[in-house]
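Trainee: Line by line, the protein sequences are chains A and B.
Using this note's numbering, count along the first sequence one by one with no gaps and you end on 333.
Using this note's numbering, count along the second sequence one by one with no gaps and you end on 355.
Hints were generated in silico from the structure; no laboratory data involved.
The structure presented is a predicted model; accordingly, all values stated were derived computationally and were not measured.
It is possible that part of the hints are untrue.
[Said to hold, decoys possible] Lysine-lysine pairs mimicking DSSO-like chemistry, simulated, CA-CA at most 30 Å apart:
hint : chain 1 : residue 1 : chain 2 : residue 2
1    : A       : Lys325    : B       : Lys234
2    : A       : Lys58     : A       : Lys27
3    : B       : Lys230    : B       : Lys263
4    : B       : Lys33     : B       : Lys263
5    : B       : Lys284    : B       : Lys56
6    : A       : Lys314    : B       : Lys234
7    : B       : Lys33     : B       : Lys234
8    : B       : Lys354    : A       : Lys234
9    : A       : Lys261    : A       : Lys288
10   : B       : Lys33     : A       : Lys234
11   : B       : Lys33     : B       : Lys64
12   : B       : Lys64     : B       : Lys354
13   : B       : Lys56     : A       : Lys314
14   : A       : Lys325    : B       : Lys355
15   : B       : Lys284    : A       : Lys234
16   : A       : Lys325    : B       : Lys64
17   : B       : Lys355    : B       : Lys7
18   : B       : Lys148    : A       : Lys10
19   : B       : Lys262    : A       : Lys10
20   : B       : Lys262    : B       : Lys33
21   : B       : Lys263    : B       : Lys148
22   : A       : Lys314    : B       : Lys148
[Stated by the list, open to error] Some chain B residues judged to face chain A by a derived CB distance under 10 Å, without partners named:
hint : residue
23   : Phe60
24   : Gln143
25   : Tyr144
26   : His187
27   : Gln197
28   : Glu302
29   : Glu303
30   : Ile304
31   : Ser310
32   : Ser313
33   : Arg314
34   : Leu351
Built from N, CA and C at the ideal position, the CB exists for glycine as well.
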Amino acid sequence: MAKMNMVQALNLALRQEMEKDDRVILLGEDIGVDGGVFRVTDGLLDTFGPKRVLDTPLAESAIAGCSIGMAVYGLRPVAEIQFSGFSYYAFHQMEAHASRMRPRSQGRYTVPMVLRAPYGGGVRALEHHSESREIYWAHTPGLKMVIPSTPRLARALLVSAIRDPDPVVFYEPKAVYRAFREEVPEEEETFPIGKSRVARPGGDITLISYGASLMPTLEAATELSEKDGVECEVIDLLSLSPLDDQLFVESVKKTGRAVVVHEAHATYGAGAEVIARIVEKALLYLEAPVSRATGFDIVIPLYQREKDYLPGVPRILKAVRQTLAF
Amino acid sequence: MPNREIDIAYRVKYLSILDQEGQIDQELDPHLPGELLLKFYRAMVLARRFDERMLILQRQGKIGTFAPIKGQEAQIGAAAALLPEDWIVPSFREAPVELWRGKPMERMLLYYSGYSEGGRIQEGLNMLPVSVPVGSQMTHAVGIALGMQYRDQKSVAATFFGDGATSQGDFHEALNFASVYRLPVIFLCQNNHWAISLPRSRQTNSATLAQKAIAYDMPGVQVDGNDVLAVYCAVKEAAKRCRAGDGPTLIEMVTYRLSMHTTADDPKKYRTEQEVAEWEKRDPITRFEKYLTERQILGEGQIRATAEEIKTQIASAESRWQEIMAKGIDPLDMFDHAYAELTPSLLDQKEIVARELEEKK
Ligand SMILES: Cc1ncc(C[n+]2csc(CCOP(=O)(O)OP(=O)(O)O)c2C)c(N)n1
Ligand SMILES: [Mg+2]
């Protein structure tokens, strides 16, 4: 097994799926000659040629719309939106068509496409390059919404997303892109869309997070174990839609306490849905109100203030300690 | 004759006044006063030096990512052809225009060093903030022009965008609206030949970008975008049409991005140094300096004096920038302009950050 960062792991997934299945075609801005601005598609143009790796003109709506057409025609397009902040030009196509083709044609047509986009803050980027607005997609019936947290899972989930019969929006936490390496097996590996996982087992409190926020959440869990003797069970959601509520509900039934962590805005964020499920399915097991450590309800600020905005370890620790002390 | 040709008489004009050797076309020479020419010169040199300085600061980690403008300084000709009451709606590669319009350098430095305070636009300046989502700002200029028309104001809304932006649907929507309502808009396309790694030739199959105007029945003009005089004259002409109520114009300024796309980009991945070298020969400043020198509008001494002056000007802006940062900017300012009035839950959230900052001390 080779140690890879997330960028390399995603590249591996794309390369292997393209080798295996000639229906898989990539399209997006700067993904060919340049290899993608984050280099996720590096080298793929050389290997597969310009018919399978399309450097498109600058038009996200056309990228999404053409992907829909290709998918309907029987291909498996994997579109890259350079930054999730520019995916809103594509949103209309995804909402109005990708998500509805199956029901509108009564199953005759389907849209097995993937819309990839790096998202999230913490990399000192320009305006519109740090958003965490995954909920727009997760809120849209007919779309699946996936966010990996580690290189190995990113690879496995992307393979599953490409093979999925329905449209999948695949957000990549750019703060994790090169943050660490992990063993990624050369042989095929998938991870079921719609399943979450236990990232760290524990019995005292359940921390629920996903994507880039998983890193500070795990860090906080380590600190709590070392300093407070508290064992957190950390759940990594991975799929926001469909949402696997079984794992975290079971965990909360065991611990009686929970904190949700995400860098997206608090209001109507993933945490709101997670807490609603806990209330619906495990209310009587709760020993404290479920709390959130999240980004605020403002546009993510320019980079000097990013750290104050993002839910870092101190904000998570505080939420956990308050929940425990309730 | 049901199968006949529809005769569309439109043609795209190409305008170049000062060639790359600094030779002026006698017939097209606008005979601008020496004082104005010197102002152009100074503005272009200031823009170039400030860009170079920003690049150094970026490499030292003192500011974040930005989009260098090297090679595209002649854009100031467009701003110079407008009046202060005219509106400018920029994209993100118009630092020279921002400087021309009087945006303080220290505020630009603040913006690129990650402080929202840097985004502030002083009262009386009719210019929107930098717009990063490619192609999204042009309709705003159209809306401003609708306002001007409604208020019967004979002003102009000018909007800048790149060659890549012409692929966005919004570009076409903006042109269409402007033309349908015959609005006083000037569409200023900076065709710098690249949209990150995608060359102009693969962005569109059209021979020119200016010809896109034909579909909307408005004049499309291509100008040598490295010739400040051509840019100035073309925009002056378009502004005249606007003020006369004759509607919008699309101007394609043919220029070249000599530097990287942004400081996060590596152009070696997609273009040859030879191509860059070819365009360096067409540098907008070199040719203009040569022309001014030969005309004896500018002398050796003055070139040196201007350089010195600009150096001092940039250095003092930098110290003002440093002073503002040293004085400290309230981190809670991230909540300041969320709405006219902070909502109850935002007040709570602001309080959370305030406490966190207190605890961090
Ligand atoms: C809607 C949108 N898509 C993608 C990007 C990322 N991006 C920033 S600049 C750029 C290329 C723009 O090219 P062009 O319009 O020619 O302007 P230039 O950068 O050359 O000045 C891209 C793809 C963006 N900012 N906005
Ligand atoms: Mg360009």
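Trainee: Each hint should be assessed against the structure and marked as holding or not.
Mentor: Each hint, compared with the structure:
{"no.": "1", "hint": "A:Lys325 <-> B:Lys234", "verdict": "63 Å, violated"}
{"no.": "2", "hint": "A:Lys58 <-> A:Lys27", "verdict": "16 Å, holds"}
{"no.": "3", "hint": "B:Lys230 <-> B:Lys263", "verdict": "39 Å, violated"}
{"no.": "4", "hint": "B:Lys33 <-> B:Lys263", "verdict": "37 Å, violated"}
{"no.": "5", "hint": "B:Lys284 <-> B:Lys56", "verdict": "35 Å, violated"}
{"no.": "6", "hint": "A:Lys314 <-> B:Lys234", "verdict": "49 Å, violated"}
{"no.": "7", "hint": "B:Lys33 <-> B:Lys234", "verdict": "22 Å, holds"}
{"no.": "8", "hint": "B:Lys354 <-> A:Lys234", "verdict": "18 Å, holds"}
{"no.": "9", "hint": "A:Lys261 <-> A:Lys288", "verdict": "13 Å, holds"}
{"no.": "10", "hint": "B:Lys33 <-> A:Lys234", "verdict": "65 Å, violated"}
{"no.": "11", "hint": "B:Lys33 <-> B:Lys64", "verdict": "18 Å, holds"}
{"no.": "12", "hint": "B:Lys64 <-> B:Lys354", "verdict": "42 Å, violated"}
{"no.": "13", "hint": "B:Lys56 <-> A:Lys314", "verdict": "17 Å, holds"}
{"no.": "14", "hint": "A:Lys325 <-> B:Lys355", "verdict": "16 Å, holds"}
{"no.": "15", "hint": "B:Lys284 <-> A:Lys234", "verdict": "71 Å, violated"}
{"no.": "16", "hint": "A:Lys325 <-> B:Lys64", "verdict": "48 Å, violated"}
{"no.": "17", "hint": "B:Lys355 <-> B:Lys7", "verdict": "63 Å, violated"}
{"no.": "18", "hint": "B:Lys148 <-> A:Lys10", "verdict": "64 Å, violated"}
{"no.": "19", "hint": "B:Lys262 <-> A:Lys10", "verdict": "28 Å, holds"}
{"no.": "20", "hint": "B:Lys262 <-> B:Lys33", "verdict": "35 Å, violated"}
{"no.": "21", "hint": "B:Lys263 <-> B:Lys148", "verdict": "47 Å, violated"}
{"no.": "22", "hint": "A:Lys314 <-> B:Lys148", "verdict": "47 Å, violated"}
{"no.": "23", "hint": "Phe60", "verdict": "8 Å, holds"}
{"no.": "24", "hint": "Gln143", "verdict": "28 Å, violated"}
{"no.": "25", "hint": "Tyr144", "verdict": "29 Å, violated"}
{"no.": "26", "hint": "His187", "verdict": "14 Å, violated"}
{"no.": "27", "hint": "Gln197", "verdict": "5 Å, holds"}
{"no.": "28", "hint": "Glu302", "verdict": "33 Å, violated"}
{"no.": "29", "hint": "Glu303", "verdict": "31 Å, violated"}
{"no.": "30", "hint": "Ile304", "verdict": "26 Å, violated"}
{"no.": "31", "hint": "Ser310", "verdict": "23 Å, violated"}
{"no.": "32", "hint": "Ser313", "verdict": "19 Å, violated"}
{"no.": "33", "hint": "Arg314", "verdict": "17 Å, violated"}
{"no.": "34", "hint": "Leu351", "verdict": "7 Å, holds"}
The structure is inconsistent with the numbered hints 1, 3, 4, 5, 6, 10, 12, 15, 16, 17, 18, 20, 21, 22, 24, 25, 26, 28, 29, 30, 31, 32 and 33, although it conforms to all the rest.
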